[in-house]
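The two chains are supplied separately, each in an independent frame; assemble them into the complex guided by the hints.
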Amino acid sequence: MPLTKRIIPCLDVKDGRTVKGVNFVNIRDAGDAVELAAFYAEQGADELVFLDITATNEKRKTLVDLVTKVAAAINIPFTVGGGISSVEDVSVLLNAGADKISINTAAIKRPELITEIAKQFGVQCTVLAVDAKFENDNWFVYLNGGRVATSMNAIEWMKQAIDLGAGEILLTSINHDGTKQGFANELIKEVESFSCVPVIASGGAGNMQHFADVFEAGADAALAASLFHYKEIAIPDLKMFLKDRNINVRV
Amino acid sequence: MKIVIIKYNAGNVCSVEFGLQRLGANAIVSDDVEEILSADKIIFPGVGAAGFAMDYLRERKLDEVIKNCKQLFLGICLGMQLLCKYSEENNTQCIGVFDECVKKFEGDIKVPQMGWNNIYDLRQSLFKDLNENEFVYFVHSYYVEKSNHTAATANYSLEYSAAIQKDNFYAVQFHPEKSGKTGERILKNFIEL
Chain A
120 MPLTKRIIPC LDVKDGRTVK GVNFVNIRDA GDAVELAAFY AEQGADELVF LDITATNEKR
180 KTLVDLVTKV AAAINIPFTV GGGISSVEDV SVLLNAGADK ISINTAAIKR PELITEIAKQ
240 FGVQCTVLAV DAKFENDNWF VYLNGGRVAT SMNAIEWMKQ AIDLGAGEIL LTSINHDGTK
300 QGFANELIKE VESFSCVPVI ASGGAGNMQH FADVFEAGAD AALAASLFHY KEIAIPDLKM
360 FLKDRNINVR V
Chain B
11 MKIVIIKYNA GNVCSVEFGL QRLGANAIVS DDVEEILSAD KIIFPGVGAA GFAMDYLRER
71 KLDEVIKNCK QLFLGICLGM QLLCKYSEEN NTQCIGVFDE CVKKFEGDIK VPQMGWNNIY
131 DLRQSLFKDL NENEFVYFVH SYYVEKSNHT AATANYSLEY SAAIQKDNFY AVQFHPEKSG
191 KTGERILKNF IEL
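Note that the protein sequences, when read in sequence, are chains A and B. Heads up, the first sequence is in our numbering, so the first residue is 120 and it goes up one at a time. Heads up, the second sequence is in our numbering, so the first residue is 11 and it goes up one at a time.
A hint or two may mislead.
[As the list claims (entries may be wrong)] The calculated DMTMM-like cross-link candidates involving lysine to aspartate or glutamate, where the alpha carbons are at most 20 Å apart (straight line), are:
#, chain 1, residue 1, chain 2, residue 2
1, A, K188, A, E161
2, A, K133, A, D184
3, A, K278, B, D118
4, B, K114, A, D282
5, A, K308, B, D118
6, B, K113, B, E69
7, B, K51, B, E74
8, A, K299, A, D356
9, B, K191, A, E161
10, A, K133, A, D151
11, A, K308, A, E351
12, B, K198, A, E231
13, A, K299, A, D332
14, A, K238, B, E69
15, B, K80, B, D41
16, B, K77, B, D118
17, B, K191, A, E154
18, A, K188, B, E194
19, B, K156, B, E202
20, A, K350, A, E161
21, B, K95, B, D65
22, A, K238, B, E98
23, A, K362, B, E144
24, A, K278, B, E116
25, B, K71, B, E44
26, B, K198, B, D50
27, A, K278, A, E231
28, B, K176, B, E202
29, A, K252, A, E309
30, A, K133, A, E161
31, B, K95, B, E45
32, B, K77, B, E116
33, A, K238, B, D65
34, B, K80, B, D109
35, B, K12, B, D41
36, B, K80, B, D177
None of these hints come from the bench; they were simulated from the model.
If we strip away everything but chain B, and leave its shape as in the complex, we get (with noise of 0.2 Å):
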């Protein structure tokens, strides 16, 4: 199986490749759409500011790539945000494979949110023997509203999505490769898919 995470001007790319390989699976990392689109799977993960990732990915033509893409892919964390159709973070245009829109937390709370948080209702396969309200590792300022898309919900003075499905295309808010045993159980789900 060939798995191609996307590499892109925003973060952190390798931290990925080493949670996939500590799980026997080795991936490429490559901005180039052939390799892409020749993947069995694709991981799009990303830390960073959603307005220099999309200049970054429409200069290279990834985001009309990665819309059309058939295979099973993962976003994570900013990776799921570009996934969505709009950004409140630099007013951004995103991909739009989801219609949801990305907000920033308001109110009085901490931003980002940064730690661990629980996940619960939920939904899909990548969510396989795993119990609910598990810890996983979240960092982000914005969220994903909830929808009938929703896989997993978390709460930070709001309930948002802790994960999306759509069709092939899988995303999740927290870093799965930096969750512990929780997280390598969600990779190893997504490798087993």
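The shape of chain A in the complex, shown without the other chains (with noise of 0.2 Å):
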């Protein structure tokens, strides 16, 4: 049997509160994050991912202790990101309970940095997240959480990343994040034609057929936030659904 396709809650977290945004703005709290990890966990979700969204841009490093707390409470392996800089940022939030640690802007600033992080700790813990935005027939590597443009062209970032030792790929489609209109199933397409790697699709589920769609178009993950946080879709109605369609989900 195929590996299940992941089903991913996102806890965006913002001095310990899980917050969500529509388009990376206008933040809106959504709760406790050890409550909801520890729900999630209980619903049967695959993973969590756990992202300290205004840690780069304030300069502050993740809240090491809300991962502690994080760790203690779920029984499945979660992600952290944010802030993350250096192999010994890494080396503090594996320490505190992670699982894996995803990167961006840091990559992106000093590529050698994946190296670092998966010749230490494996490829396996060292998750690249890109935040990318289709704008004159391209999709363009965005920083900080999607505030600050570049001029990368985020395919080829995204090859050059897996070169370097990135084990995992957590692609947030700017267009589509927020607007609940299904995820950016023919980015996704294209990046599961090259990458070796695991591919979690990000930014745009709004139904339980939009999931469905982007298995479809080969995204191994698919993440999602405010739809859960606000109990639009359970999580166990979501794998019914998914494997009454043929799609091999851990249920």
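As structure tokens, then:
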């Protein structure tokens, strides 16, 4: 049997609370991060992603104690990202209880960081987060939680990062994020055509069919936040929906 | 009962500690030889790269300590691979409790294998009260071949050892501390062995 497709709630946190923005701005409060993490683990989430969305912007390190609390509460794996810029940062977070770390801005500024982390801790805990925006017929990389544009081609960047040692790609389409109109399936298809590492699709989930669509496009995992936080979709229902459509999920 | 989790310079030992705590078992995390040898049970977890991990263990002579352990011993993920003879990862000579070699996944599959896969042909007491084909969480790029030590099998482009056992040494490739209720049962079984 092939690996199951993963459903991943994302906990965007600020000051220990979960928040979710629409197109990365207009942040609203969606609840206590530890409570939500435990709730999702119990519900059958396959993994969690925990992003300190303000970390890079405010030059703040991810809240290590919150990571520890989340790790103590749940029995499924989770990834931590936000403000990670050195091997030392990674070491602290893994020791606090994270299973994987995700890097974004720091890897763009210094791509060797990907290799350094992969070498010391293994590629399997080295997740590259990419915030991509489609403009003028190309996908461009954005920095700092979608606030800062670059001239980097997102496809080329992902290829380079995989060569450098990224073990997984967390790919958010800024165009789709918060819209609830479906994931960026064409982008996922393109990335899946060359990626030898798992790809997590992020941004745009609005209903259960959107998950089926992105898995059919080839995504290994699909991530969503507000949809789960506001209980618009329950994970057990979503998994049954996918299973009924012959998509391999853990139930 | 005294459980010691071997601390070394490769990743996430505290997730195993938390996993035991959720089952009501307390463990000591240590790289001190005397502390390790005084344990009733030893857990050797691991996230990371084989080369770095073996260097750290050798500097502290923990490789020899582990090899000679008489206590019930559980290797997890990298901990399982390091118990083998040799790993293709960083071309590393490992501890050698098991004669098997650790190989890299090849072919038209994604590496690392990252996610939930089912385990079957469950052979030993570690899997007591578990059904065949339950899902557990794997994250790895290298695998241990099947052999007469194989205690559970998984399939990712080929069949490989999801668990191995020899004498007092048990080892699992997946992460029981991250495998939901199924994983909790496996950890509980180890505690109760």
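Hint-by-hint comparison with the structure:
A threshold of 20 Å between alpha carbons decides the hint, and for K188 (chain A) with E161 (chain A) the separation of about 16 Å falls inside it, so the pair holds. Under the criterion of a C-alpha separation no larger than 20 Å, the hint pairing K133 (chain A) with D184 (chain A) is consistent with the structure, at around 13 Å. With a CA separation close to 17 Å, the supplied pair K278 (chain A) and D118 (chain B) stays within the 20 Å bound. In summary, the hint linking K114 (chain B) to D282 (chain A) is supported, as the alpha carbons are separated by about 16 Å, within the 20 Å threshold.
Proximity of K308 (chain A) to D118 (chain B) is assessed by CA-CA distance (about 17 Å); at most 20 Å being required, the pair is judged to hold. The hinted pair formed by K113 (chain B) and E69 (chain B) fails the criterion: a straight-line CA distance of about 25 Å is larger than 20 Å. Of the pairs offered as hints, the one joining K51 (chain B) and E74 (chain B) holds, with about 17 Å between alpha carbons and a cut-off of 20 Å not exceeded. Between K299 (chain A) and D356 (chain A) the CA atoms are separated by roughly 18 Å; this keeps the pair inside 20 Å, and the hint holds.
Restraint check: the Cα-Cα separation between K191 (chain B) and E161 (chain A) comes to about 9 Å, which is no more than 20 Å; the hinted pair holds. As the CA atoms of K133 (chain A) and D151 (chain A) are separated by approximately 10 Å, the hinted pair is consistent with the 20 Å bound. For a cut-off of 20 Å, the pair hint linking K308 (chain A) to E351 (chain A) is broken: about 27 Å separates their Cα positions. Among the hinted pairs, K198 (chain B) with E231 (chain A) is inconsistent with the structure: their alpha-carbon atoms are about 41 Å apart, more than 20 Å.
Distance restraint check for K299 (chain A) and D332 (chain A): the Cα-Cα separation of roughly 13 Å lies within the 20 Å cut-off, and the hinted pair is therefore satisfied. Annotation: proposed proximity of K238 (chain A) to E69 (chain B) holds, straight-line Cα distance about 19 Å (limit 20 Å). Taking the CA atoms of K80 (chain B) and D41 (chain B), the gap is about 17 Å. The hint holds against a cut of 20 Å. Between K77 (chain B) and D118 (chain B), the direct Cα distance comes to roughly 36 Å. Violation of the 20 Å bound is thereby established for this hinted pair.
Taken as a hint, the K191 (chain B) and E154 (chain A) pair is honoured in the structure, with Cα atoms around 18 Å apart against an allowance of 20 Å. Distance check on the hinted pair: K188 (chain A) and E194 (chain B) sit about 18 Å apart at the alpha-carbon level, within 20 Å; holds. A hinted pair counts as satisfied when its Cα atoms are at most 20 Å apart, and K156 (chain B) with E202 (chain B) does not qualify at roughly 26 Å. In summary, the hint linking K350 (chain A) to E161 (chain A) is supported, as the alpha carbons are separated by about 14 Å, within the 20 Å threshold.
For the given pair, K95 (chain B) sits about 15 Å from D65 (chain B) by alpha-carbon distance, which is consistent with the 20 Å threshold. Distance hint between K238 (chain A) and E98 (chain B) is fulfilled; the C-alpha atoms sit about 14 Å from each other, no more than 20 Å. Restraint check for K362 (chain A) and E144 (chain B): the C-alpha separation of about 16 Å stays at or below 20 Å, so the hint holds. Under the criterion of a C-alpha separation no larger than 20 Å, the hint pairing K278 (chain A) with E116 (chain B) is consistent with the structure, at around 19 Å.
Pair hint K71 (chain B) plus E44 (chain B) holds up; C-alpha atoms about 12 Å apart against a cutoff of 20 Å. Simply put, K198 (chain B) and D50 (chain B) have alpha-carbon atoms about 15 Å apart, close enough for the 20 Å limit, and the pair holds. Simply put, K278 (chain A) and E231 (chain A) have alpha-carbon atoms about 14 Å apart, close enough for the 20 Å limit, and the pair holds. Between K176 (chain B) and E202 (chain B), the direct Cα distance comes to roughly 18 Å. Compliance with the 20 Å bound is thereby established for this hinted pair.
Pair hint K252 (chain A) plus E309 (chain A) holds up; C-alpha atoms about 15 Å apart against a cutoff of 20 Å. Among the hinted pairs, K133 (chain A) with E161 (chain A) is inconsistent with the structure: their alpha-carbon atoms are about 23 Å apart, more than 20 Å. With a C-alpha separation of about 25 Å, the suggested pair K95 (chain B) and E45 (chain B) falls outside the 20 Å cut-off, and the hint is violated. A C-alpha spacing of about 30 Å is found between K77 (chain B) and E116 (chain B), which places the hinted pair above 20 Å, so the restraint is violated.
Restraint check for K238 (chain A) and D65 (chain B): satisfied, since their Cα atoms lie roughly 13 Å apart, inside the 20 Å limit. A threshold of 20 Å between alpha carbons decides the hint, and for K80 (chain B) with D109 (chain B) the separation of about 18 Å falls inside it, so the pair holds. Restraint check: the Cα-Cα separation between K12 (chain B) and D41 (chain B) comes to about 15 Å, which is no more than 20 Å; the hinted pair holds. Between K80 (chain B) and D177 (chain B) the CA atoms are separated by roughly 9 Å; this keeps the pair inside 20 Å, and the hint holds.
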